[in-house]
Every structure is written in C-alpha cells, then in structure tokens.
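Make a model of the complete structure from these sequences and hints.
Count the sequence shown with my numbering and you get residues 1 to 513, in order.
Worth flagging that the hints you see were computed from the coordinates, not collected in a lab.
Wrong hints could be hidden among the right ones.
[Unchecked claim] Derived pair list, reagent style PhoX-like, types lysine-lysine, alpha-carbon separation capped at 20 Å:
(1) 410 - 199
(2) 309 - 80
(3) 311 - 81
(4) 51 - 199
[To be verified] So the derived label-pair ranges between C-beta atoms look like this:
(5) 253 - 64: 47 to 53 Å
(6) 316 - 444: 51 to 57 Å
(7) 364 - 481: 29 to 35 Å
(8) 331 - 64: 37 to 43 Å
(9) 351 - 444: 30 to 36 Å
All values derive from a computational prediction rather than experimental measurement.
Backbone N, C-alpha and C define an ideal beta-carbon position, used for all residues, glycine too.
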Amino acid sequence: MDIQFKKHSYLPFRGYPSSYQLLMGLGMLLLAIEPIGWLTNSWLEPAHDSKGGWVFLLCAGLFLWSIRSPISAAANQPHKKAILLLIVTAFTRGFGQVFAVNVLGAVALAIDVYAIGLLTRLSDRKNSLSPGWLAILFAFSLPLERILQRLIGFGLQHLSADGACTVLQSLFANVKCAGIRILLAGRDVLVDLPCSGVKSLMLLCILYAALMCVFRLTLPRSLMVGIVTLASALLANIIRIVCLSIFIAFPEKIGGINVMAQPWHDLIGLFCLTLAALPLALLSGRRQLHQAIIVGQPDNQAPVISNSKTKTLLALGFVSFAAVIVSLPRQPLDISDNRTALNLPVFLAGQFGQTVALNEQEQDYFTQFGGTALKVRYGDNSAMLIRSNSPLRHLHAPDECLRGLGFDVKYQGIQYQPLPTAIYITTAPDGLQWRVAVTFYSQQGQFTTNISEVVWRWLQDPHSTWYALQRITPVSTPDASVQEWDSALFAALDLTSTNHYPNPKENSNVKSH
Numbered sequence: 001m002d003i004q005f006k007k008h009s010y011l012p013f014r015g016y017p018s019s020y021q022l023l024m025g026l027g028m029l030l031l032a033i034e035p036i037g038w039l040t041n042s043w044l045e046p047a048h049d050s051k052g053g054w055v056f057l058l059c060a061g062l063f064l065w066s067i068r069s070p071i072s073a074a075a076n077q078p079h080k081k082a083i084l085l086l087i088v089t090a091f092t093r094g095f096g097q098v099f100a101v102n103v104l105g106a107v108a109l110a111i112d113v114y115a116i117g118l119l120t121r122l123s124d125r126k127n128s129l130s131p132g133w134l135a136i137l138f139a140f141s142l143p144l145e146r147i148l149q150r151l152i153g154f155g156l157q158h159l160s161a162d163g164a165c166t167v168l169q170s171l172f173a174n175v176k177c178a179g180i181r182i183l184l185a186g187r188d189v190l191v192d193l194p195c196s197g198v199k200s201l202m203l204l205c206i207l208y209a210a211l212m213c214v215f216r217l218t219l220p221r222s223l224m225v226g227i228v229t230l231a232s233a234l235l236a237n238i239i240r241i242v243c244l245s246i247f248i249a250f251p252e253k254i255g256g257i258n259v260m261a262q263p264w265h266d267l268i269g270l271f272c273l274t275l276a277a278l279p280l281a282l283l284s285g286r287r288q289l290h291q292a293i294i295v296g297q298p299d300n301q302a303p304v305i306s307n308s309k310t311k312t313l314l315a316l317g318f319v320s321f322a323a324v325i326v327s328l329p330r331q332p333l334d335i336s337d338n339r340t341a342l343n344l345p346v347f348l349a350g351q352f353g354q355t356v357a358l359n360e361q362e363q364d365y366f367t368q369f370g371g372t373a374l375k376v377r378y379g380d381n382s383a384m385l386i387r388s389n390s391p392l393r394h395l396h397a398p399d400e401c402l403r404g405l406g407f408d409v410k411y412q413g414i415q416y417q418p419l420p421t422a423i424y425i426t427t428a429p430d431g432l433q434w435r436v437a438v439t440f441y442s443q444q445g446q447f448t449t450n451i452s453e454v455v456w457r458w459l460q461d462p463h464s465t466w467y468a469l470q471r472i473t474p475v476s477t478p479d480a481s482v483q484e485w486d487s488a489l490f491a492a493l494d495l496t497s498t499n500h501y502p503n504p505k506e507n508s509n510v511k512s513h
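Printed below as a string of structure tokens:
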C-alpha cells in the first residue's frame with residue numbers, strides 16, 4: 001500500500017481525465033498556442049536578443065524538481081482559484097488579440113503557470129515552491145529587458161549619471177557634469193543607454209524571483225527584499241560607472257589597462273553585479289523543508305470532478321469562448337497616420353537618389369499598423385527615413401533590425417555634432433562592413449540618439465510625430481567625407497538642432513559605457 005501511495009503521490013492527478021478536464025485543457029491550448037509561438041520566436045530571433053529561453057529552462061527545472069516530490073500537507077481546494085485564473089487569462093488574451101499587443105498574450109501564459117502551480121499543489125509538496133513566484137519568474141522569459149529599456153531606460157540613465165556624478169564630486173575636485181555626460185580630469189565620459197542599468201536590474205530581479213519561489217518568504221519580508229534588490233541594482237550600477245570613469249581618466253593607476261575593452265569591461269560589471277546580489281542572498285534566509293506525511297488516503301488526489309452535464313456544458317462554453325477570443329479581429333489603437341508621403345532629396349552630394357524597396361522584415365519593423373518608411377540610395381551611400389505617431393511600434397534602434405537581417409552589429413558611441421547621432425559598425429552576411437548612423441527627431445525640433453528618450457518624450461506628448469533618420473555608408477569612407485555627406489542631408493531636410501551641444505572642437509566623439 002505504501003509503495004502504491006508513493007507512486008501516485010508524485011502525480012497531480014490520478015486515473016483518466018474526465019471530459020470536463022479534457023475540454024478545459026483544450027480551451028487553455030487554444031488561448032496559449034499563439035502566445036507560445038510568439039514567445040518561442042522571441043527567444044530564437046536575433047532581433048530580440050532575448051535570453052528568456054534560459055529563464056524558461058530554470059522554471060521548468062524548478063517545476064520538475066517540485067512535482068517529483070511527494071505531497072506533505074493536507075489536501076486543499078485549488079480548483080476554484082485556478083478556474084478563476086483561467087478566466088482572467090482569457091480576458092487578458094482577448095485584450096492582447098484585439099489591440100495587437102503580443103506581450104499581453106504572453107503575460108497570459110504567466111497566469112497559466114500560476115494556475116498550473118495551484119492545480120499541481122506545488123506549495124504542498126516536500127520540495128515546495130510558490131506558484132505565484134514561479135509565475136513571476138516565468139514572466140522574465142518574456143523580452144522584458146527590451147521593453148524596460150524603452151520605458152524606463154532614459155530615466156535610469158539620468159538617475160545613474162546623477163548618482164555617479166555625486167560620488168565623483170565627493171572624491172575629486174575637477175569634475176563637471178552635464179546631464180548624462182561626466183568630465184573628469186579632461187576626459188569626457190558618457191553614461192549612454194546601455195549603461196542605464198536595465199540589464200543588471202533584470203538579472204537581479206530574476207535572481208530575486210527565483211529565491212522567493214524557493215524560499216517562500218512572507219509577503220512583508222518579500223517586499224522588503226524586493227526594495228533592497230532595486231536599491232542594490234541602482235547602487236551597483238553607480239559604482240560601476242564611478243569605477244569606469246576613474247579608470248578612463250587615470251589609466252596609469254591600473255597599469256594602463258583599457259577598461260572599455262574586453263574582458264575588463266565585463267569583469268568590472270560582473271564584480272559590481274556580484275556585490276549587488278550579496279544582500280539579496282543574505283536576506284532570503286534559509287529554506288524550511290517540509291516533512292512528508294503519509295496518510296491512509298492519498299492527499300494529492302484532487303477533489304473528484306463530476307462528469308455531470310452542467311460541468312461539461314460549462315467546459316464547452318469555455319472552449320467556445322476561447323475560440324471566439326482567438327478569432328477576434330485586430331484593431332490596435334496606436335495606428336500611425338500614413339496618409340502623407342515621406343520625401344528624401346532627389347539629388348544629394350553629386351548623386352541622384354534611387355528609391356530602394358523595403359524587404360519583408362523592414363516592412364514588418366517600420367510600416368505595420370501605419371508606420372511610414374522610405375529608403376533611397378545615393379551611389380555607395382544610403383538614407384532611410386521612418387515616421388511614426390507610435391514610436392513604441394515603429395521606431396527601433398538599428399541594431400535590433402540589423403541583427404534580425406543577419407548582420408553583426410557593434411555599437412560605437414555618440415557624436416553630438418552637427419546633430420546628436422548614434423554610431424554603429426555592422427558586418428553583413430556577405431562580409432561587407434557599413435557605418436550606420438541614426439538620429440531621432442520630432443516635429444517640435446527635439447533630437448536624441450536613442451529610442452528610450454523618444455518614448456519618454458512621446459509619453460509626455462502622445463500626439464507628437466517622431467522620425468528616425470538612418471545614414472548608411474561604407475566603413476572605408478573617410479570621416480571627413482561622411483561628415484560632409486551627413487551635413488548635406490541635414491541641410492536638404494532643413495534639420496537644425498536648437499539644443500545646446502558641445503563645440504565640435506571639444507569632444508564630439510564621446511567615450512561611451
């Protein structure tokens with residue numbers, strides 16, 4: 001009897017599934033199949049540059065570790081809450097379908113994970129897990145880093161720069177700060193968007209969710225540890241910027257090592273990340289193991305679900321509801337106005353322009369849901385102009401699009417003259433190298449080099465129109481020729497920045513973290 005009980009105590013259910021269970025499972029599958037496809041594609045597509053697949057494997061490993069252990073607590077009734085969660089999933093999936101927001105559909109998968117955790121009684125097993133925290137951990141398998149970089153990257157960028165500037169001014173007398181730029185001992189250092197700290201914040205939050213899932217702390221203590229995690233992430237990023245700034249300004253202090261080169265740059269970041277993780281690990285405490293309680297009746301057996309006509313009809317209704325949701329037409333609210341055509345110069349720097357058709361991926365990136373894009377070639381050089389009233393959909397950093405096209409992309413930093421410009425060096429699949437420069441600007445004359453600031457300003461004025469101007473030149477083109485061509489294009493488009501930027505004689509090329 002003990003052997004038979006132990007055999008079944010590893011399983012969430014016993015016997016054959018009822019028609020009610022089969023129909024509910026079919027409804028869940030209908031709701032989940034498209035989000036699963038999108039999420040899997042986000043792990044594999046180079047444009048997303050997502051490491052979410054590893055987080056999914058972590059969740060799967062924890063789930064298997066728990067589900068293979070016996071139940072060690074009295075039976076509970078998780079089914080009602082799980083069914084309510086499935087209804088929430090259905091509505092979330094519906095919003096994602098109608099408004100064409102794939103992330104919402106993927107968030108519904110996290111709710112499904114919570115429901116599955118309740119049904120399989122993960123919290124009652126010897127190797128217990130928190131179903132809620134497992135769902136939160138699963139949510140980090142979504143491309144959240146890219147989303148957070150766009151939504152809060154600009155704010156974190158300035159917060160980190162201000163913190164680093166305060167620390168440096170307390171250590172050195174010759175420190176000048178202007179926004180995200182720090183001047184130390186005559187060396188100009190830029191706290192660029194990749195240095196905003198979003199990546200380290202994501203890694204620490206993944207660790208936090210995993211620890212909370214396993215250790216199952218009380219809610220007040222979990223919140224306290226969460227606050228410490230956020231503070232540690234910010235402080236670690238500030239320390240990293242301070243270290244890099246000092247070593248850039250005084251390389252002789254460390255034997256002339258270039259801290260912006262690998263592996264030193266990543267080693268400094270890893271050291272600061274480890275420091276930030278220590279308080280999180282210490283505050284999580286020790287895991288309390290459950291002792292298995294063997295009773296005469298298997299605890300893990302779920303309450304018997306009747307095959308009554310009422311329950312079967314309810315399950316059929318859920319399947320029908322799921323089928324309706326996945327069939328709803330997409331009607332996104334943030335469609336751009338594409339009724340006005342874009343124009344680039346017909347003749348530029350001695351070359352007539354030749355319009356180049358956008359490939360399928362470029363159309364998906366820039367023109368879906370109303371975006372407008374135009375690409376023109378001038379001899380060996382090319383220009384691409386994108387316009388959107390919804391930059392969250394249509395405006396992307398060049399590295400995202402080019403990686404999706406199979407290019408290898410390396411970020412080079414920022415030029416402030418004649419207009420703020422982000423520089424990338426790309427290597428095409430055929431081995432050719434190109435210099436890609438991008439400037440984002442609005443109709444109100446605001447200029448920036450990153451999409452995060454675009455989104456930040458657009459959220460303050462949702463009716464504004466934003467443009468991305470990309471210039472593509474062979475990497476072998478002399479810098480002087482590139483600057484002349486850029487200036488000619490800016491003049492033809494009548495682009496003039498009213499913002500104050502440094503004199504080109506000072507430092508137009510800024511060292512970027």
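Verify the proposed pairing of residue 309 with residue 80, using a straight-line Cα cut of 20 Å.
18 Å, holds
Is 51 to 57 Å right for how far apart the beta carbons of residue 316 and residue 444 are?
55 Å Cβ-Cβ, so the 51 to 57 Å window holds.
Holds or violated: residue 410 and residue 199, Cα atoms, limit 20 Å.
Holds, at about 17 Å.
Assuming the hint says 47 to 53 Å, is it satisfied by the Cβ distance from residue 253 to residue 64 or not?
50 Å, holds
Checking one constraint from the list: CA of residue 311 to CA of residue 81, max 20 Å. Satisfied?
Holds, at about 16 Å.
Please verify whether residue 51 and residue 199 have alpha carbons no more than 20 Å apart.
This hinted pair holds, its Cα atoms lying about 11 Å apart.
Range first: 29 to 35 Å. Now tell me if the beta carbons of residue 364 and residue 481 are that far apart.
33 Å, holds
Residue 444 and residue 351 - C-beta distance against the hinted 30 to 36 Å
For residue 351 and residue 444 the Cβ distance comes to about 31 Å; the hint holds.
Pairwise beta carbon distance, residue 331 to residue 64, judged against the given window 37 to 43 Å
For residue 64 against residue 331, whose Cβ atoms are near 40 Å apart, the range 37 to 43 Å holds.
Comparing the model with each earlier hint shows no violations; every hint is respected.
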